[in-house]
Each structure stands twice: as structure tokens, then as C-alpha cells.
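Student: Make a model of the complete structure from these sequences and hints.
Note that the protein sequences, when read in sequence, are chains A and B. Each residue of the first sequence is one higher than the last, beginning at 0 in numbering that gives the first Met the number 0. Each residue of the second sequence is one higher than the last, beginning at 0 in numbering that gives the first Met the number 0.
What the hints contain is simulated information worked out from the structure, not anything from laboratory work. Treat the hints with care, since some could be wrong.
It does not matter which identical chain is meant; a pair holds if it fits inside one copy or across any two.
[To be verified] Listed next, the in silico DSBU-like pairs over lysine-lysine satisfying Cα-Cα at most 35 Å (straight line):
| # | residue 1 | residue 2 |
| --- | --- | --- |
| 1 | K27 | K91 |
| 2 | K91 | K117 |
| 3 | K114 | K27 |
| 4 | K27 | K117 |
Note that this is a predicted model, so its numbers are computed, not measured.
Here's the letter readout for the chains.
Protein chains: 2
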Amino acid sequence: MLAGMGLSIGQVAERTGLSVHALRFYEKEGILAHQVHRGPGGRRVYQQQDVDWLRMCIMLRMSGMPVPEIRRYTELVRQGDGNELQRLDILKEHQERVQQQMVQLQECLDLITYKVGKYQDYVNSIATRAVGQ
Amino acid sequence: MLAGMGLSIGQVAERTGLSVHALRFYEKEGILAHQVHRGPGGRRVYQQQDVDWLRMCIMLRMSGMPVPEIRRYTELVRQGDGNELQRLDILKEHQERVQQQMVQLQECLDLITYKVGKYQDYVNSIATRAVGQ
DNA sequence: CTATGAAGTAGAGCCGACTCTAGGTCAAGC
DNA sequence: GCTTGACCTAGAGTCGGCTCTACTTCATAG
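Tutor: So, in C-alpha cells, the structure goes:
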């Protein structure tokens, strides 16, 4: 049964950009969809699917979903079919938050861009005067 | 000299959405461009310009600028003319960070929207089947 | 006069998300 | 046989940004 070779925690850290500490922490926090199998010496053996799942979790974290909410979502996935509506709710709610955040961020960016423009003009005018005559 | 009446810390809290605690904290952290004047009994008296400045600081914070960097910027403004290039540098750097953050956030949003779509389709198909026949 | 409420100060506490420490196991290489 | 390095566990520490506590001072209202 060629299930694809397992990965060590170090390899997963490399592939995801997470630290080994963070990986253990995430596991303890229950945000791994499938239980991590243990190899000789009690070492974690990850599969590609774990890496994929972690990458999604990273996206959720990056966009500000708190760990407890990722855990809730993970638990639903672990429970299997039948709770898709609940999963959808979590995702939709988060989607909305991210959209709002982007609107806010755009407002901030507009202000900053405005100020950058003003300072740029001013700095240019000084430079021109100095060089010009 | 009709300089516009002063505002109490409570009024500024109302107008900015910051807590009075946060206002005192910001002052202690040195992110007020002008020193807050004190009224009878040692009470802070803010001017409209302080509110304006605070609103900008709020934008900077919302977009992720750390307090120490806001302080650096504030100090430059306090020093007065002559350091516009440095102020520009801070703003430009932050502008870039915010832009990157928005790109990342958009990627996350795309993934979430994709998943929401999938779950929505699935949930719809279940509902249809149940109602349909 | 006394109680209420808004203000003041200094400093402790909290929360989230890691990050790091201490002390241990184990396999491979010199 | 000893070192190195990757891994293990449990739990402590860190950091940023507030938030809250304890206690005081004042001014106004009842």
C-alpha cells in the first residue's frame, strides 16, 4: 500500500514555514484534521494531507481567524459528513470579516498614500530648488 | 483668542473611539504630536488638532504600524521642519507593508471564497434533493 | 456634608500566539 | 564510547497593546 512516505516534523516545518514549536503547538491546540501517526521512538510522522491542511490553517491564521475558531472548524471536519452547514457558517462569517478588514485597510492605505504624495511633492520641491538655482 | 474650546479626555474618547485608558497610554508612549495642556486640577485639555492627530494614529495602528514606529514618526513631527525625508521613509515603508498585507489578505480571501462556494453548492444540492422529490 | 462621577497617577494584569527551556531518548558517524 | 542532531514532553517565558486596579482629587447636585 504505497501511501506516500511520511514526513518528519522538521520536513513539515520546512514545507509550511511554521516552526517545529508551532507545529507541536497546533497539534496540542487540536487544529490538525487527522491525528498524527507516531513512528519509532514516538516521533511524529506527517502525511502530505497534513501539510495541505496546515497550509489552509496558515491562510486562516494569516487572515486573522483565532486559533479556537480554527479548532472548531477542524473538529467539524474531523466529525465527518453531515455538518457542512456549520462549516459553511464559520467560513462565511470569516469571509465577511476579512472583507471588512480589507475595506478598512484600503482606507488606511488611501490616507497613507495621500500623505506620501504630499511629502514626496514637498521633498521634490526642496530638492529642485537646491539643484535648480 | 478664540482657539476653540478644549476637550476632556472623556470627550476625546467618545470622538475617537479610544478608551480613556488608551488615551493616557498613548500619551505615555509619546504618540501625541503636541503636548496635552492641563486644566484646573491637573486635567488634560485636548484640542481638535489632537483628535485629528489621534485619528491618523488610529489609522496607522489599524493598518499594523507598531506603537514604537508611530512614536518615531511623532517625534519627527514634533521636531518640526527639516526631517520630511525621514517622515516620508517611514510612511513609504509602511505603505509597502500595507500593500503586501492586502495582497496576502486577498489570497486568503480567494481561498475562503472558493471553499465557501464549494460548501454552498454542496449544501444547496442536499437541500434541493430533500425538497425536490 | 455626603455622595456621585469624572478625572488623575502608578503600576499590575491579561490575552493570544507562539517561542523557548530543561531534561530526556535515540540513531548515525567518527 | 562519545558527540551530534533531530526529535520528544511539560511547562515557563515573551511580546505587544492595551485594560484594569487601587487609591486620590475635585466639582457639582441633592
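Student: Output the numbers, in ascending order, of every earlier hint that fails for this structure.
Tutor: Hint check: nothing fails, all pass.
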